[in-house]
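Participant: Chains as they are written, first to last, in the working numbering: chain Y, 1423 to 1730; chain X, 1423 to 1730.
Treat the hints as calculated values from the structure; they're not laboratory data.
Remember, it's a predicted structure, so these values are computed and weren't measured experimentally.
Careful: at least some of the hints might be erroneous.
One copy or any two copies: either way a pair holds, since identical chains are not told apart in the list.
[Unchecked claim] The list that follows gives simulated cross-link-like pairs (lysine to aspartate or glutamate, DMTMM-like), each with its CA atoms no further than 25 Å apart:
(1) 1690 <-> 1594
(2) 1708 <-> 1456
(3) 1689 <-> 1594
(4) 1426 <-> 1502
(5) 1690 <-> 1479
(6) 1525 <-> 1619
(7) 1527 <-> 1726
(8) 1485 <-> 1669
(9) 1525 <-> 1594
(10) 1708 <-> 1500
(11) 1503 <-> 1594
Residue-level listing of the chains:
Number of protein chains: 2
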Amino acid sequence: MGKKFIISVDLGGTNLRVALLDLRYRIVLKHSFDTRRLLNKNRLIKIIIEAVNNILESQNLNKRNILGVGLGLPGSIDYEKGAVHSLTNIPGWKGVRLGSLLKKKLGIPVFMDNDANLMCLAEYRLGAAGGSRYAVCLTLGTGVGAGVISGGRLYRGANNAAGEVGHIPLNESGRRCNCGGRGCLETYVGNSRILAEARRVFGRRISLEQVSGLARRGNAKALGFWSGVGRHLGIALTGVVNLLNPDVIVIGGGVANAGKALLDEVKKVIRSRAMTVQARHVKVYKARLGSDAGLIGAAVMVRDGARG
Amino acid sequence: MGKKFIISVDLGGTNLRVALLDLRYRIVLKHSFDTRRLLNKNRLIKIIIEAVNNILESQNLNKRNILGVGLGLPGSIDYEKGAVHSLTNIPGWKGVRLGSLLKKKLGIPVFMDNDANLMCLAEYRLGAAGGSRYAVCLTLGTGVGAGVISGGRLYRGANNAAGEVGHIPLNESGRRCNCGGRGCLETYVGNSRILAEARRVFGRRISLEQVSGLARRGNAKALGFWSGVGRHLGIALTGVVNLLNPDVIVIGGGVANAGKALLDEVKKVIRSRAMTVQARHVKVYKARLGSDAGLIGAAVMVRDGARG
């Protein structure tokens, strides 16, 4: 038999990461591939298969050592069917049953879900949401990804498409969103919008890392900027808190590094606007697992799925 | 042994209803009490006990014939603890363990939840949401009550306070809401607000029943009025659809009787604003069980609870 491992695959906007993890979710090794050239379905499948086989060879493992392969994809994924509803910014994937395609070629069980759900699963099992029963986890980046834990499991919804906190409308007549909606949270706190806002506030091109650096050094403009972002986020989360009554909200992704100014404002808004019972109970934490959360969550999914 | 029954108690804004139901949730008899005089805790407990004993006597039943007593209360209720977080418009109930107080005095198992959850449970088991796995049910009245069904059970949240669709913010700078928040859905579609809006539109005092009557006869102003209400509701539900990915949304309560104009607009807004996968899947139905939904749902709760 030999020792068991899990292989996790995390498809991001610019790269594909493939990792080998042990059953305690420790990353044994990790490879990264540039994906700007492989957005096509067949190339992606090919590179995943090559990467998996490479890992097996280099570690002197065979398929029986691998409990399963877990895929995290950016977009709307049907976990149960192992199929893609759609991938964000990557056309041509609608309805593709990537799970069974890969399983057939690899001869290893394959599980897949969207990256935000997997980040949430990881933070719930090993990170900031540990010990809770009801959790909401957000990843702030180009888009706003999110996952919901209910009674200890991912809340998936009728088409496994639930959890889109980023697409809750914040204002009835807000801007058009990429999702087709209007005034979604993502149109207020997605990276491109807040970068433009930062440029306006500081009167020059400035990166979000720079604004975060300024905030850490106490710069008033930068602090005000982040609390403005936190205000939008806090108002959207007020609705989530009233609706879902979570134990904990976890905020991760690049923007979460803005630190205290952002998180403090989120907490303040929830405390002042959400309903008493829900507001008093909920904790707001920064994510703990960083950029490996997706890989770890994919491994958790495989282990849970392989258990049945 | 003898035949088994359930007693349901439904506390509303102006009256308390107590009913005897059989195990197929048919109402055998029903009594109504004016509650404007009995808002005080001890009086309410006393009248419930008297009503239960009266039913037992009049039907020649004893306690062993009663599977349990199910209470539906207007407010935030902790189902698991059998305790009141707070009652809407009725002060002095915070933390009261009404469940164990009644159980001790009655010698019968007692279960309790908020009225909107029970309406949702009833519509899910016997009404418009039958056959779904994920459902959201709304009751439009003075307030906006709601319940969420997830994987066939009520989604309750960390403090059993989840489901507050009526308190999702629709606009960041909206009006103050009774809940302490701002711009909540309830501030747009609660009865008092839409009554005031109707008065403005028609230039005279007019009841919502009258506006509904006009709409049914094709009056353009009335149709426009209800589609305006439906628009607010549809935008809030867009967020709910994106977040929860339900199979079905059920809309009940007085305002739901506005009929097609309201429901059509809700559907149209969800179709045009919600995310593709979720929007295509969700059905929007009118509630089927009418004003007895709360009594029926209380009986379902007792039967489920008594099963363990």
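Participant: Look at each hint and say if it fits the structure.
Facilitator: Going through the hints against the structure:
no.: 1; hint: 1690 <-> 1594; in the structure: both (23 Å within a copy, 15 Å between copies)
no.: 2; hint: 1708 <-> 1456; in the structure: neither (29 Å within a copy, 51 Å between copies)
no.: 3; hint: 1689 <-> 1594; in the structure: both (24 Å within a copy, 16 Å between copies)
no.: 4; hint: 1426 <-> 1502; in the structure: within (24 Å within a copy, 41 Å between copies)
no.: 5; hint: 1690 <-> 1479; in the structure: neither (52 Å within a copy, 55 Å between copies)
no.: 6; hint: 1525 <-> 1619; in the structure: neither (45 Å within a copy, 59 Å between copies)
no.: 7; hint: 1527 <-> 1726; in the structure: within (22 Å within a copy, 46 Å between copies)
no.: 8; hint: 1485 <-> 1669; in the structure: neither (39 Å within a copy, 39 Å between copies)
no.: 9; hint: 1525 <-> 1594; in the structure: neither (44 Å within a copy, 47 Å between copies)
no.: 10; hint: 1708 <-> 1500; in the structure: neither (28 Å within a copy, 29 Å between copies)
no.: 11; hint: 1503 <-> 1594; in the structure: neither (34 Å within a copy, 38 Å between copies)
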